[in-house]
Amino acid sequence: MNSLDLPRRPEDTRVVVAMSGGVDSSVVAGLLAREGYQVIGVTLQLYDHGAAVHRAGSCCAGQDIDDARRVAETLGIAHYVLDYEERFRKAVIDPFAESYVAGQTPIPCVACNQTVKFSDLLETARELEADALATGHYVRSRPNGAHRALYRPVDTDRDQSYFLFATTQEQIDYLRFPLGGMSKPEVRKIAEEMGLSVAAKHDSQDICFVPQGRYSDVIAKLRPEAATPGDIVHIDGRVLGRHEGILHYTIGQRRGLRIATGEPLYVVHLDAERARVVVGPRSALETRRVFLRQVNWLGDEPLLDLPAEGMEVFAKVRSTRPPVPATLHNDGGTVFVDLHEGEAGVAPGQACVLYDDDGDEARVLGGGFIERSQRGAQAEAQLARLEGRPAA
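Heads up: the sequence shown begins at 3 in this note's numbering, then just goes up one per residue.
In short, the hints are calculated from the structure, not lab data. Glycine residues also receive a C-beta, built at the ideal position from the N, C-alpha and C atoms. There are no misleading hints in this set.
Subject to a maximum C-alpha distance of 30 angstroms in a straight line, what follows is the list of computed DSS-like cross-link-like pairs (lysine-lysine):
(1) K191 / K203
(2) K186 / K203
(3) K92 / K223
Derived CB-CB ranges, DEER-like:
(4) D85 / D238: 44 to 54 angstroms
(5) S185 / D122: 25 to 35 angstroms
(6) G390 / R295: 23 to 33 angstroms
(7) L224 / E194: 39 to 49 angstroms
(8) P309 / R244: 46 to 56 angstroms
(9) G147 / D85: 34 to 44 angstroms
(10) A383 / G147: 40 to 50 angstroms
(11) P145 / E194: 29 to 39 angstroms
Start from the sequences, fold in the hints, and give me the full structure.
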């Protein structure tokens with residue numbers, strides 16, 4: 003058994019490395035090449051790279067593709083660039099815009115992993131007769147019976163398990179994550195030792211296809227209807243002002259509301275049907291229950307076999323938040339999570355990722371996208387009145 007838990011010697015094992023042009027995936031390629039594996043680097047061109055050639059903090063376009071090429075040359079490995087622009091637009095960019103039109107807060111990185119990287123690219127790796135597809139994600143996987151399981155990385159500050167919850171069991175069995183046991187400083191040091199040109203390259207900060215983080219510009223171009231003006235309404239029913247489109251707002255937002263009141267207000271709900279931004283006190287943000295759709299379950303026991311009282315888990319409802327104690331329920335196919343202490347700023351479209359612990363050894367049990375959230379009784383009743391529906 004080699005270092006990737008594959009049966010043959012490294013020199014008899016072919017591995018495709020997804021090379022984004024950043025330091026992480028470059029080090030993965032370098033480490034595997036140094037061990038003697040047959041390494042093939044593959045870089046995906048995911049969107050129009052013309053405007054991104056000189057933009058720092060992007061990935062999978064222009065300068066990043068050139069960086070990946072240079073790294074491959076330095077390492078002496080084969081390297082291919084695949085044009086996935088059309089697929090990426092249909093599978094990631096268009097749904098991203100549509101979610102904002104619907105008043106949701108999407109996570110395009112999850113969609114990209116679901117469709118382009120771990121579906122299309124994985125299939126390409128199989129066509130190249132590779133034994134595994136390796137990436138630079140900070141997450142760990144290791145054998146679990148006849149399969150493999152996902153775990154949080156050693157460097158929890160770089161934890162990317164939240165973005166990988168939708169990875170299927172079949173994909174996990176084929177994927178490898180060599181950086182899961184390393185810290186970011188260690189990775190950069192290895193890059194320097196290998197003489198890689200990207201050793202000091204800045205990490206990607208924004209959504210890759212959104213220049214300077216101005217996602218509203220992208221949405222307004224793709225879905226102009228999302229820029230429809232409307233009212234800013236207090237959760238108690240008072241109209242406080244006007245806005246220029248719900249695409250400019252996210253749940254939990256406090257700054258930039260441009261309304262003068264004597265109390266701090268937050269965006270607590272986006273009413274896409276009526277083009278309304280609903281604001282209220284921080285207490286109206288507290289969420290105790292989230293209902294999930296498109297659940298991907300990776301636990302050992304079937305999701306249908308959960309006990310009547312539910313299953314104790316740890317839930318992560320935002321990428322920047324730690325996992326918190328929660329109880330997972332499956333009520334006749336309706337999957338929901340009760341958060342023991344409540345969370346603020348939970349928005350439809352985000353992910354709720356489930357773990358068996360809250361430490362760096364925590365296993366990823368799966369997760370789903372948040373369909374809707376349930377606030378406290380007062381906030382729920384006020385929102386129901388605003389929308390003219392019965393209170394839950």
